[in-house]
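Model the full structure from these sequences, guided by the hints.
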Amino acid sequence: MKENYRTMRTVGLGLLILALVSVPSPLALAFQSSSTNYAVNEVFFGSGGDLNDCSTNYCAKTTVGETGIGNSKSTNYQAQNGFNTDRSPSLTFIVTGGTTNLGILSTGSTATATATFSVKSYLAGGYVVRTMAPPPTSNAPSLHQLSPITSAALSSAGTEQFGMNLVANTSPTTFGSSPVQVPDSTFGFGSAATGYNTANKYQYNNGDTVASSSSSSGETDYTISYIFNISPLTPSGAYTFNDVLVATSTF
Amino acid sequence: MNYSNKKQKWYVQFGVRSLTLFFMVAVVGSFIIPVFNHQALASTQVTSRSITMSNSTASATGVTYSVSFIAQSTYTVKAIVVDFCDNTPLIGDSTCTAPAGFDVGGVTPTVTVPNTSALFGATWTAAGSNGFNGNTEYRTLTLSSATGVALTAGSSNVVFNLNSAVNPSTTNHSFYARIVTYTTNTPSYAPGAEGAYTERGGAALSTASVVSVTARVMEQLNFCVYHTTCGDDPAISIGHGANNILDASAVDTASDSFSLSTNANAGVVVRMQGGTLTSGSNSIPAVNGGSSASGSTMTAGTAAFGVDVSTPGALTVINPYVGDGTPTGSYGLDTTSASAVGSTYGSPIASSGGPVNNSISVITYAASASNTTPAGIYTVSEQLIATGTF
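Going down the list, the sequences are from chains A and B. With the first sequence counted from 1, adding 1425 to any position gets you the working numbering. With the second sequence counted from 1, adding 321 to any position gets you the working numbering.
Careful, some of the hints might be misleading.
Derived, one-sided and incomplete: chain A residues facing chain B with beta-carbon distance under 7 Å [unchecked claim]:
#, residue
1, 1513
2, 1518
3, 1522
4, 1560
5, 1660
6, 1667
7, 1673
8, 1676
Note that these hints are calculated values from the structure, not bench results. Cβ coordinates follow ideal geometry from the N, Cα and C atoms, glycine included.
Printed below as a string of structure tokens:
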């Protein structure tokens, strides 16, 4: 009898202790939100949900009755609210590459070209896109570089110039496009950078920031507008410009 | 109920209650602990973290990845691990697949620490690990220092440059970096088993396609000889008086112009091919004996014919044609050297060392007759030829 008593008591106490110490501690190594002393990880107060709610052809991550969802931000901080938020920061950067051949340049007119790229960045404090390439350069032995427009200026045929911008233009011709937020401006927040954001004015400095966002941003589609002008003094040769664009997000 | 039955009943009740309590605690505990687990944080997340690539082209070599972040804890850092993955930037994820084609730069990657970095001042050793593709590429960078440096929460900006990176081979491709810091210079790191680290953070990067634009600039040489305006007839007549004649009383002059633009890299030479004034078998001799070395002034009454380039524009005038274009100035006409006006290619009169744009020069012809110069109509055709060296 006494042994049974002791046994049951021991078992009960053991179970109690086991409950207190072995409850899975979600001491995850990556909390969604944390400060110096506090953190929360995927806590949800609501009516229900499913991380993998599927029909024959579709699946969804669902929640019902969340008290607050979506993006909220102030001047210096932002948060992605909700149970279903993805905790992986990301950067998606797509450049439409390829080669454009402008043919023979003339002192009497300006040659133009365009290129496109898109950026989206999640859980970021923003992003910048830089152009990391020397101006158009001729082949050896000359290796002459077309004079870049170092401070935004108008195009001038007959004056050696190379420049670009990321807006819609009407001079020297109608070409280019301003940044487009996809699907609209409540999701995307990217913009052309200073020096590259004035219609009909062009600029180029190797290493310049040409586009940026100061917060996480959905997709922004950009169009680069390039101009090429030569003077009678521009050395002959085959000129090539390989625009290397680099996107960097800060998380 | 006897004593033993009561106790047995109590035992059962106690056991049931214990079990019940166990499950209650388990349920409530699993609910509460996530909310109140503040004291269990073993690490902080570095902020303002970024990895800036110097080149986004797929498969580019010798690329610099500038890693930057601000520490959020105060401690002495002795090792930093940066693990590049195709999967996620999440520390704790046990899966890290190396981006195809990526390499930190072998087992001994090149890392530099700028003097503005919080890491500056200590000696850092860089090592590559987690080799793949037959250990020809390595995905993990470990930076370690025996002494380390002290970091201050919220202010220490850690920056270092991995200068030997090889970009992933897929273009427009997103990939990730997991950053983990340690207070030991011999960290035991593996994805999902990062060991006793102090701080962590993830970052995302991307390769990108290159936009190429090509164009051609042709060799150009624009040369025009004219009297007043390019395109008019540059023919001139030298003389004075009502009949516009040459005689012993004066040195007469007449001028034309020529314009020149060229992108010839090595410059341009203008040559004059022709001769001296001739009427049948009679001729007016070249000034200064036709010397190629220098010109000379002309004297009224001494028969002579010469040329000078008085306004050079962007060109340099060549002897013996240096002059001022006035009747009392110096004139020349090379009729004696291998490059005389009568030679195959003519006599060089002006040149440039490089490209010139819309250079305007004035060429002046001067002549005088003596008292014994035979009468006649004296003519000469002087051709100006511009040759660019590209």
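Each hint, compared with the structure:
1. 1513: holds, 5 Å
2. 1518: Hint on residue 1518 of chain A: holds, closest Cβ of chain B at ~4 Å, below 7 Å.
3. 1522: Holds - the Cβ of residue 1522 of chain A comes within 7 Å of chain B, reaching about 3 Å at its closest.
4. 1560: violated, 11 Å
5. 1660: OK, holds: residue 1660 of chain A within 7 Å of chain B, min 5 Å.
6. 1667: With Cβ-Cβ at 5 Å, under 7 Å, it holds.
7. 1673: holds, 5 Å
8. 1676: holds, 5 Å
Hint check: a violation occurs at hint 4 only; the rest are consistent with the structure.
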